[in-house]
Amino acid sequence: QQQVKQSPQSLIVQKGGISIINCAYENTAFDYFPWYQQFPGKGPALLIAIRPDVSEKKEGRFTISFNKSAKQFSLHIMDSQPGDSATYFCAPGSSSNTGKLIFGQGTTLQVKP
Amino acid sequence: GAVVSQHPSRVICKSGTSVKIECRSLDFQATTMFWYRQFPKQSLMLMATSNEGSKATYEQGVEKDKFLINHASLTLSTLTVTSAHPEDSSFYICSASPGQKYTFGSGTRLTVV
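Read top to bottom, the protein sequences are chains L and X.
Numbering-wise, the first sequence is residues 4 to 116 according to my numbering.
Numbering-wise, the second sequence is residues 172 to 284 according to my numbering.
Here chain L stands alone, though its shape is the one from the complex (with noise of 0.2 angstroms):
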């Protein structure tokens, strides 16, 4: 039931190019749909979160698109430059369950020059 599936394990990019990961999750108790950027050695950062009364949230060049039907979300990162590389983890989670967050597998994008 907390299953949460990210793909792809690894991205590569060339710099302007776009990003996209994906996140299926099974819970539908979800009701928070954070992604989450880690550089190593240092703990995560939000980067965007949607809730699921809206498909599609943008920030910047960072974008989410829910699809709550098929239990989907994604991470678009338009025009990716070298500092965007790092791992990215979606972390779905649910207000009536303390607020814990399930941490997908991960994500190492890399960006090239």
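The reader is advised that the hints may include incorrect statements.
[What the hints assert, rightly or not] BS3-like, lysine-lysine: derived pairs with alpha carbons at most 25 angstroms apart: (1) 191(X) <-> 45(L); (2) 8(L) <-> 60(L); (3) 71(L) <-> 235(X); (4) 272(X) <-> 8(L); (5) 237(X) <-> 8(L); (6) 60(L) <-> 237(X); (7) 71(L) <-> 191(X); (8) 45(L) <-> 272(X); (9) 185(X) <-> 103(L).
[Claimed, not checked] Derived coverage of chain L by chain X (criterion: at least 3 residues anywhere in the stretch with Cβ under 8 angstroms from a Cβ of chain X; other residues may be distant): (10) 48-55; (11) 79-88.
Keep in mind the hints are simulated off the structure, nothing from the lab.
The C-beta atom is built at its ideal place from N, Cα and C for all residues, glycine as well.
Chain L is already provided as a structure; the job is to place chain X on it using the hints.
Then chain X, alone, in the frame of chain L:
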């Protein structure tokens, strides 16, 4: 705003000793904090939920007698790794939520020798 401070950032200890890691919410009060563990190139795994003024809730498979959690105030939670062994070497990260956003500390790299 919404800063979570974690200390120390790195610690090396001898096998059999105990290590305490502090997690502080600097600009908000947190009745609940979360402790995660992350092994190299892996995802974050929730260890326990720290509750101010009451006992922590541990995830399945996490030894509560080995990982002692104390949440004595609304801004401080501590994780003590007791009788540490080399297999406890990992990256420990805490998190708290000032409302609807989950903020993570910068993590503590524990190495047991």
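A quick look at each hint next to the structure:
no.: 1; hint: 191(X) <-> 45(L); in the structure: holds (19 angstroms)
no.: 2; hint: 8(L) <-> 60(L); in the structure: holds (21 angstroms)
no.: 3; hint: 71(L) <-> 235(X); in the structure: violated (36 angstroms)
no.: 4; hint: 272(X) <-> 8(L); in the structure: holds (22 angstroms)
no.: 5; hint: 237(X) <-> 8(L); in the structure: violated (30 angstroms)
no.: 6; hint: 60(L) <-> 237(X); in the structure: violated (42 angstroms)
no.: 7; hint: 71(L) <-> 191(X); in the structure: violated (42 angstroms)
no.: 8; hint: 45(L) <-> 272(X); in the structure: holds (18 angstroms)
no.: 9; hint: 185(X) <-> 103(L); in the structure: violated (32 angstroms)
no.: 10; hint: 48-55; in the structure: holds (count 3)
no.: 11; hint: 79-88; in the structure: violated (count 0)
Violated hints, listed in ascending order, are 3, 5, 6, 7, 9, 11; each of the other numbered hints is respected by the structure.
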